[in-house]
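S.K.: So you can see what is in the structure, the chains are spelled out below.
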Amino acid sequence: MECVFGLVGKGFAIVAADTSAVHSILLHKNNEDKIMLLDSHKLVAASGEPGDRVQFTEYVQKNVSLYKFRNGIPLTTAAAANFTRGELATALRKNPYSVNILMAGYDEESGASLYYIDYIATLHKVDKGAFGYGSYFSLSTMDRHYREDMSVEEAIELVDKCILEIRSRLVVAPPNFVIKIVDKDGARDYAWRQSVQDVTTAAV
Amino acid sequence: LVIQIFEYNGSAVVAMVGKNCFAIASDRRLGVQLQTIATDFKRISKIHDHLFIGLSGLATDVQTLYQRLVFRHKLYQLREERDMKPETFASLVSAILYEKRFGPYLCQPVIAGFGEDDKPFICTMDSIGAKELAKDFVVSGTASESLYPVKPCTNQIWFEIQKASYKKCNEAEELFETISQALLSSVDRDCLSGWGGHVYVVTPNEIKERILKGRMD
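In order, the protein sequences belong to chains A and B. Numbering-wise (the UniProt record's numbering), the first sequence opens with residue 1 and increments by one. Numbering-wise (the UniProt record's numbering), the second sequence opens with residue 1 and increments by one.
Hint data in this document are derived by calculation from the structure and do not stem from the laboratory. Backbone N, C-alpha and C define an ideal beta-carbon position, used for all residues, glycine too. Any given hint might turn out to be false.
[Unchecked claim] Below, simulated SDA-like cross-link-like pairs (lysine to any residue); rule was C-alpha separation at most 25 Å, straight line:
#1 A:LYS94 to B:TYR66
#2 A:LYS10 to A:ARG193
#3 B:LYS213 to A:ASP143
#4 B:LYS46 to A:LYS68
#5 B:LYS208 to B:GLY196
#6 A:LYS94 to B:LYS46
#7 B:LYS42 to A:SER140
#8 B:LYS42 to A:ARG147
#9 B:LYS42 to A:ASP127
#10 A:LYS68 to A:ASP107
[To be verified] With the C-beta cut set under 10 Å, the calculated list includes, among others, these residues of chain B facing chain A:
#11 GLN35
#12 THR36
#13 ILE37
#14 ALA38
#15 THR60
Kindly produce the complete structure, drawing on both the sequences and the hints.
M.R.: Here it is, written out as structure tokens:
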């Protein structure tokens, strides 16, 4: 099951997601990137039905870009989160999306923030959040070790603790994770944590 | 596995009338069934200085409904150049809820405010807008009978605690004590609500907002 979690540190926010694309008992691929760059200073880590996940996050990404083109300034993280919630809420009683989202962003005025948006459009600003079966382990680990204003090194240590917990305690633990960070310098890949790598064979 | 939709997020809201004052309180837990997501969720919102609404039930509908109500109240303010009376606001909420009679917002609102001559007014309604006016206190939130949409949401234990602790003619400070004790002892018997309390005690001249620390579990 898909594991997504994230936390806010001093002037940055980190999100981590597993990278397995699963269909029933088959693992299609183990390097599926589920964290999308919404714009230069926003990340969206999404989990849920694969079709909905890609479609909905791309829809949000394009609308966020459209706002920037039309108005000349980018949306704040709070505004983007509320827009996302609005779209999910409107679709909820018509054609619901099964996508859970953790939106991390950095704004000049308000610093780093993390928004928890679940598939029935519940929006809440949080310091730490998680979705999926992995959340039972990662939330508890973060509750134990999280402090306000952690440095990047301390936060990565905590993320690694969570990944270790998920790997050792979840029966269908995903093998690989991707970690992305957003701070004043923008949103970018931080690291991959891989325990199983794709094997490429020579063409016959 | 059947999920009880009114008990999905967990919530508790109560409002009480005192002497020339009223108080409205809620718990702070936001959960997803057995898991707690946040312990600082706001269920009570100010519509204007003399009108508060607390919404219990499904969190997504709490947020949607709150946005719709603020919108309608702002329009009212622009047209009428004054704030809405709580009785009028209650009728508005009732109408908006009944609009969705066959696909309702899964919330139970609690409305508290000052009416004509600063007379305290409280009421609650079920998820399809059936108003329940009361002179003393109203409650809503996670309860065993929550599946039945027409009946107002009341927890039997909570009801008894309210009756036992409520005394008429409470002054603001006494009212704060009464409503806080009632909220905390009620949520302590309900696993889906709690993690502290948020209490607003409102007199005609000031609004006192306080956070309660209860059993954090």
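S.K.: Going through the earlier hints one by one, which of them does the structure break, listed in rising order?
M.R.: Failing hints, ascending: 4 and 6.
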